[in-house]
Amino acid sequence: MKTRLLMKSSHQSMNTTLRQALAKYTYVGYLAYKELLAYPASLLGRLAIHALRITYLGIIYEYVFTHSGKSAIHGMDALHAVWALALVQLVYQLTGSGRTFKHFKDEIISGQIEVRLNKPYYYPLQSLADALGQAPIRFVLFFAITALVLGSAFGMPTFTIQQKSLFLPLLSLGVLLFVLTQQLLSLSAFWIEDPTPAWWVLSKIAWIINGTFIPLAILPAYFKTASLLFPLSASFFLGRIYEITDWYSGAKFVGIQLLWILLIYTAIYFTYKQGAKKISINGG
Amino acid sequence: MAQIEVRNLTKVFTTKIATDRPGWFGIARKTTKSVKAVDGITFDVDKGETLAFIGPNGAGKSTTIKMLTGILYPTSGSVSIIGINPWKERQRLAFRIGTVFGQKSQLSFHLPAEDSFKLFAKIYELDDQVFRRRVGELVEIFDAKDYIKQPLRKLSLGQRMRCEIIASLLHNPEIVFLDEPTIGLDVVAKQELRKVLRKLNENYNTTIFLTSHDTGDIDAISDRTIIINGGKIVFDDSTNNLKRKYIKTKRIKVRFTSAIRDIETQNVHISRSDHYETELEVNTAERTIKSVLEEIVGKYDIADISIEDPSLDEIIASIYEHNT
Ligand SMILES: Nc1ncnc2c1ncn2[C@@H]1O[C@H](COP(=O)(O)OP(=O)(O)OP(=O)(O)O)[C@@H](O)[C@H]1O
Ligand SMILES: [Mg+2]
Numbered sequence: 001m002k003t004r005l006l007m008k009s010s011h012q013s014m015n016t017t018l019r020q021a022l023a024k025y026t027y028v029g030y031l032a033y034k035e036l037l038a039y040p041a042s043l044l045g046r047l048a049i050h051a052l053r054i055t056y057l058g059i060i061y062e063y064v065f066t067h068s069g070k071s072a073i074h075g076m077d078a079l080h081a082v083w084a085l086a087l088v089q090l091v092y093q094l095t096g097s098g099r100t101f102k103h104f105k106d107e108i109i110s111g112q113i114e115v116r117l118n119k120p121y122y123y124p125l126q127s128l129a130d131a132l133g134q135a136p137i138r139f140v141l142f143f144a145i146t147a148l149v150l151g152s153a154f155g156m157p158t159f160t161i162q163q164k165s166l167f168l169p170l171l172s173l174g175v176l177l178f179v180l181t182q183q184l185l186s187l188s189a190f191w192i193e194d195p196t197p198a199w200w201v202l203s204k205i206a207w208i209i210n211g212t213f214i215p216l217a218i219l220p221a222y223f224k225t226a227s228l229l230f231p232l233s234a235s236f237f238l239g240r241i242y243e244i245t246d247w248y249s250g251a252k253f254v255g256i257q258l259l260w261i262l263l264i265y266t267a268i269y270f271t272y273k274q275g276a277k278k279i280s281i282n283g284g
Numbered sequence: 001m002a003q004i005e006v007r008n009l010t011k012v013f014t015t016k017i018a019t020d021r022p023g024w025f026g027i028a029r030k031t032t033k034s035v036k037a038v039d040g041i042t043f044d045v046d047k048g049e050t051l052a053f054i055g056p057n058g059a060g061k062s063t064t065i066k067m068l069t070g071i072l073y074p075t076s077g078s079v080s081i082i083g084i085n086p087w088k089e090r091q092r093l094a095f096r097i098g099t100v101f102g103q104k105s106q107l108s109f110h111l112p113a114e115d116s117f118k119l120f121a122k123i124y125e126l127d128d129q130v131f132r133r134r135v136g137e138l139v140e141i142f143d144a145k146d147y148i149k150q151p152l153r154k155l156s157l158g159q160r161m162r163c164e165i166i167a168s169l170l171h172n173p174e175i176v177f178l179d180e181p182t183i184g185l186d187v188v189a190k191q192e193l194r195k196v197l198r199k200l201n202e203n204y205n206t207t208i209f210l211t212s213h214d215t216g217d218i219d220a221i222s223d224r225t226i227i228i229n230g231g232k233i234v235f236d237d238s239t240n241n242l243k244r245k246y247i248k249t250k251r252i253k254v255r256f257t258s259a260i261r262d263i264e265t266q267n268v269h270i271s272r273s274d275h276y277e278t279e280l281e282v283n284t285a286e287r288t289i290k291s292v293l294e295e296i297v298g299k300y301d302i303a304d305i306s307i308e309d310p311s312l313d314e315i316i317a318s319i320y321e322h323n324t
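As given, the protein sequences belong to chains A and B, one line each in that order.
For the first sequence, the residue numbers in our numbering are 1 to 284.
For the second sequence, the residue numbers in our numbering are 1 to 324.
Just so you know, these hints were derived from the structure itself, not from any lab.
Glycine residues also receive a C-beta, built at the ideal position from the N, C-alpha and C atoms.
Some clues are possibly wrong.
Sample of chain A residues lacking proximity to chain B, with all beta carbon distances greater than 10 Å (derived) [unchecked claim]: (1) L44; (2) A48; (3) L52; (4) T55; (5) H80; (6) V201; (7) I205; (8) I214; (9) F223; (10) L229.
To give a feel for the contact side, a few chain B residues facing chain A, derived at Cβ under 10 Å [to be verified]: (11) T15; (12) T69; (13) G70; (14) I71; (15) Y73; (16) T75; (17) Q91; (18) R92; (19) L93; (20) F95; (21) K104; (22) L119; (23) F120; (24) P151; (25) L155.
Let's have the full structure, built from the sequences with the hints guiding it.
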């Protein structure tokens, strides 16, 4: 009797703890969403730049495809190549173009991270919640403008059933992975003076090998291989959705994403622990 | 058992510094240097005390507060706050104490303080009703109703600081640690902040542990003062005793409307003087400020007059003088 009571109460408190933890991070996300809406002009500006960027890249793609004299290169036509590039951009925009990296790194460099240490929350999760809180609204807006611009200029793409059902997993895992990668990189600010150049180079490499500037279809095959091996690239697998021909090839992309997420989260866990210890012991 | 117990607390920082000798590619070689930021301090604080922890720049105030709140590990020594070891149980302690860092904001810069308060309610796992009542009370005490709905970036420094302090008090902490809460505030804002901190202590019996390098803060807020210099405690006693023993002098600055040849008063030390301006040091044990003022105002045409406390440096100098 007594043990059963005990078990019940510990079970309940586990639930409460979980609920409270969830409430914390959900509210962090909600505030990030409010913060985004607090600056409508900057959001509109970003939407406009996104629309312009995909339009002019679309025009170049169409030109390249038309002048190659082929309707499809390596099995991909101009329309889908344009959409693939826009989807890479979409993942990038959903995370606020490197916002997490910038915030996290600034907190470390300025020492602001110290006041995070004595709050009853786990800072990397707080930062993650902050990033993910903005993602849904960004998705609605950026997807709408992408469909509007590309749809009217080039047409809408078609998706197979596998592609349709893997769209959201590839997107959300991609966004999650991209945010985590940014966190891991910014954590290096505990040891090196400023990781910004590294971030800059890596994110551009990720773009290139995922076909943001030049369609992956017309690049040599080793770009595709490189993209499979590079963690930041896996964030942008949504851009390779048209390579999914059956469930197996789709599962491969999702599986690689999950693997990287696991690896990078583990790395964050240990790096953050070391970093916090470093502040505590040396004073940063 | 005292609420705060600090024993032989020491913190040594080791930092890399550049030397004059050039190394590879002309990049200066680095060597490590140790700084003893806090050097074996010991004290107790009881529940409901108001303590000013003061000292000049670099004295070790922030370092001490960071160790007491679990942000920094000490090099040696021990601390117990409400029976909790801060760096071993940082999060558990966080539920019981409030912290305010004058130079580091804990609130969202882009949103109204009210939103950040709601976030704090979730972070500190407060019941909705409890939270609403508490916010109501604090906003009233801090007279902050008019601006908690405005984005933080639109507030003055004084208003922002009040919001920071409200945020740190939402979970009804037993102790609040404030690191330089009055820094950068103008005279009026300083006075008002001091008043509300005092009120907070009176209303809730919250222990106040405050650092500052402003002697004015001591007088207004704290019954007890610890002075730290070079990482060591040089004074720990009631604020009244500090004033009685070491803040015996007041400085009066007088500006005259017309040139004065020589100022003549008794029992007053003239520390600086020209024809239009003079600076007097009055030992309040020997003469009251009132009588000096009356005399000067009666004798001369005054354009401006101000009365100041001696600076912290002077107080520390006189403590050293007294001790040797
Ligand atoms: N993270 C750090 N790394 C190396 N040295 C540090 C670090 N933090 C503080 N110190 C050194 O420790 C000493 C005490 O610094 P601390 O910040 O505690 O002083 P303080 O009393 O708060 O001064 P202030 O009034 O300027 O805020 C200083 O000599 C400072 O240079
Ligand atoms: Mg300080």
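Structure-based check of all given hints:
Every Cβ of chain B is farther than 10 Å from the Cβ of L44/A; the closest lies at roughly 17 Å, confirming the non-interface assignment. The Cβ of A48/A lies farther than 10 Å from every Cβ of chain B, with a closest approach of about 21 Å, so its non-interface assignment holds. With a cut of 10 Å on Cβ distances, L52/A stays outside the contact zone with chain B, its closest approach being about 26 Å. Every CB of chain B is more than 10 Å from the CB of T55/A (nearest about 31 Å), matching its label as outside the interface.
Interface exclusion of H80/A from chain B stands, the closest Cβ pair being 39 Å apart, more than 10 Å. With a cut of 10 Å on Cβ distances, V201/A stays outside the contact zone with chain B, its closest approach being about 21 Å. At roughly 26 Å, the least C-beta separation between I205/A and chain B is larger than 10 Å, which holds for a residue marked as non-interface. Against the 10 Å criterion, I214/A stays outside the reach of chain B, whose nearest CB is about 37 Å from its own CB.
For F223/A, the non-interface assignment is confirmed: its Cβ lies about 35 Å from the closest Cβ of chain B, beyond the 10 Å cut-off. Every CB of chain B lies more than 10 Å from the CB of L229/A, the least distance being 33 Å, so the non-interface label holds. The interface hint given for T15/B holds, since its Cβ lies 7 Å from the closest Cβ of chain A, which is under the 10 Å cut-off. Interface restraint check for T69/B: the shortest CB-CB distance to chain A comes to about 5 Å, inside 10 Å, so the restraint holds.
A distance limit of 10 Å between C-beta atoms decides the matter here; for G70/B the minimum to chain A is near 5 Å, and the interface restraint holds. Satisfaction of the interface hint for I71/B is found here, the shortest Cβ-Cβ separation to chain A being roughly 5 Å, below the 10 Å cut-off. Because the beta carbon of Y73/B sits about 4 Å from the nearest beta carbon in chain A, less than 10 Å, this interface hint is met. The interface hint given for T75/B is met, as the beta carbon of that residue sits about 9 Å from the closest beta carbon of chain A, less than 10 Å.
Against a cut-off of 10 Å between C-beta atoms, the interface hint on Q91/B holds, since the closest Cβ of chain A lies about 5 Å away. Because the beta carbon of R92/B sits about 8 Å from the nearest beta carbon in chain A, less than 10 Å, this interface hint is met. Because the beta carbon of L93/B sits about 8 Å from the nearest beta carbon in chain A, less than 10 Å, this interface hint is met. Using the Cβ-Cβ criterion of 10 Å, the hint placing F95/B at the interface with chain A is satisfied: the shortest such distance is roughly 6 Å.
This hint holds: K104/B has a C-beta 5 Å from the nearest C-beta of chain A, less than the 10 Å allowed. Restraint check, L119/B versus chain A: the minimum CB separation of about 5 Å is within 10 Å; hint holds. The beta carbon of F120/B comes within 9 Å of a beta carbon in chain A, closer than 10 Å, and the hint placing it at the interface holds. Checking P151/B against chain A: minimum C-beta separation of about 7 Å stays under 10 Å; hint holds.
For L155/B, the shortest C-beta to C-beta distance to chain A is roughly 15 Å, which exceeds 10 Å, and the interface hint is violated.
Going through the hint list in order, the structure does not satisfy hint 25, though it satisfies all others.
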